[in-house]
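Chemist: Sequence:
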Amino acid sequence: MEARNREKLVEIFRFKVQELERHLSSPTKLSLIECSSILRLLLLSDECGLFGNLARDIPGFRTRKRGRKIVMFNAQLQADSHIRDLPSGGYVHAVVRGDAIPENSPRVYSRDDFLKLSVIEVQLSDGKVITMTVRDVIKFIANKLGGVHFDYSPREEKNQILYQLDDKYQLQIAGSVIFSIKGLSEIVLATCKRVDERLVGLGY
61 MEARNREKLV
71 EIFRFKVQEL
81 ERHLSSPTKL
91 SLIECSSILR
101 LLLLSDECGL
111 FGNLARDIPG
121 FRTRKRGRKI
131 VMFNAQLQAD
141 SHIRDLPSGG
151 YVHAVVRGDA
161 IPENSPRVYS
171 RDDFLKLSVI
181 EVQLSDGKVI
191 TMTVRDVIKF
201 IANKLGGVHF
211 DYSPREEKNQ
221 ILYQLDDKYQ
231 LQIAGSVIFS
241 IKGLSEIVLA
251 TCKRVDERLV
261 GLGY
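Numbering (the numbering used here) for the sequence shown: 61 to 264.
Careful: at least some of the hints might be erroneous.
[Stated by the list, open to error] Cross-link-like lysine-lysine pairs, in silico, DSS-like; alpha carbons within 30 Å at most:
1) 242 to 188
2) 129 to 188
3) 76 to 129
4) 76 to 176
5) 242 to 129
6) 176 to 188
7) 242 to 176
8) 89 to 253
9) 188 to 253
10) 188 to 76
11) 89 to 176
12) 76 to 89
13) 176 to 129
14) 253 to 129
15) 253 to 76
[Unchecked claim] Simulated restraints on C-beta separations:
16) 74 to 187: 39 to 49 Å
17) 181 to 263: 38 to 48 Å
18) 63 to 86: 36 to 46 Å
Hints listed in this document are in silico derivations from the structure and should not be mistaken for laboratory results. Don't be surprised by glycine CBs; every beta carbon is placed ideally from N, CA and C.
All chains, full assembly: derive it from the sequences and hints.
Modeler: The following block contains the structure:
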């Protein structure tokens with residue numbers, strides 16, 4: 061990749077980080093939908109997200125020393141609110157920064173493992189448990205609520221359940237589906253700042 065293209069990639073990354081921080085400074089329903097779109101770009105676009113493109117295309121970005129990976133997510137799962145508007149019940153889990161819950165032991169996750177974390181668990185009447193992950197929630201809020209219908213199927217069982225939780229999209233409800241994006245965005249923002257430090261060290 062030419063130096064100019066690398067600089068453009070870093071410029072896009074920093075712009076999106078600034079946007080993410082701005083939307084988090086005074087969160088509303090609309091600003092959190094915007095956050096989900098930024099998370100989609102950073103984590104999911106082009107299969108590996110913008111993080112993956114940085115790691116692949118910026119010389120010296122990767123480090124092979126164990127325990128010193130740059131794109132890691134310091135997170136903690138915390139049971140949050142019970143879903144009372146489904147007959148069979150379920151839970152929305154808060155996924156928050158590890159340092160936000162000092163009494164618990166935070167986990168450090170790779171991108172793939174972070175995307176697999178459970179945000180919502182719903183038990184159906186037949187006993188089947190449907191789990192919606194970080195990836196599911198980002199895609200649903202960014203694609204459907206954000207007005208983008210690409211890569212979105214309303215017939216998928218998970219999306220049908222998210223529709224049933226429609227009244228949970230209000231920001232004032234702690235533990236709502238859309239409010240979970242705030243915690244996820246804070247985790248990703250902390251990772252972005254570590255990544256930017258790495259880029260500065262590499263002269264970008």
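Chemist: Hints first: check each against the structure and report whether it holds.
Modeler: Verification of the hints:
A threshold of 30 Å between alpha carbons decides the hint, and for residue 242 with residue 188 the separation of about 28 Å falls inside it, so the pair holds. Distance hint between residue 129 and residue 188 is unfulfilled; the C-alpha atoms sit about 37 Å from each other, more than 30 Å. Between residue 76 and residue 129, the direct Cα distance comes to roughly 21 Å. Compliance with the 30 Å bound is thereby established for this hinted pair. A distance of roughly 23 Å separates the Cα atoms of residue 76 and residue 176; the hinted pair therefore holds under the 30 Å criterion.
Pair hint residue 242 plus residue 129 holds up; C-alpha atoms about 24 Å apart against a cutoff of 30 Å. The suggested pairing of residue 176 with residue 188 holds, with an alpha-carbon distance near 19 Å, which does not exceed 30 Å. Between residue 242 and residue 176 the alpha-carbon distance is near 17 Å, which keeps this suggested pair within the 30 Å criterion. Under the criterion of a C-alpha separation no larger than 30 Å, the hint pairing residue 89 with residue 253 is consistent with the structure, at around 24 Å.
Restraint check for residue 188 and residue 253: the C-alpha separation of about 40 Å exceeds 30 Å, so the hint is violated. Restraint check for residue 188 and residue 76: not satisfied, since their Cα atoms lie roughly 39 Å apart, outside the 30 Å limit. Between residue 89 and residue 176 the CA atoms are separated by roughly 24 Å; this keeps the pair inside 30 Å, and the hint holds. In summary, the hint linking residue 76 to residue 89 is supported, as the alpha carbons are separated by about 18 Å, within the 30 Å threshold.
Straight-line distance between C-alpha atoms of residue 176 and residue 129 comes to about 19 Å, which keeps the hinted pair within the 30 Å bound. For a cut-off of 30 Å, the pair hint linking residue 253 to residue 129 stands: about 14 Å separates their Cα positions. Restraint check for residue 253 and residue 76: the C-alpha separation of about 12 Å stays at or below 30 Å, so the hint holds. Here the CB-CB span from residue 74 to residue 187 is close to 48 Å, well matched to the stated 39 to 49 Å.
Remark: the range hint 38 to 48 Å for residue 181 to residue 263 is upheld by a beta-carbon distance near 45 Å. Distance hint check for residue 63 and residue 86: the Cβ-Cβ separation is about 37 Å, which falls inside the suggested range of 36 to 46 Å.
Violation of the numbered hints given earlier is confined to hints 2, 9, 10; the remaining hints are satisfied by the structure.
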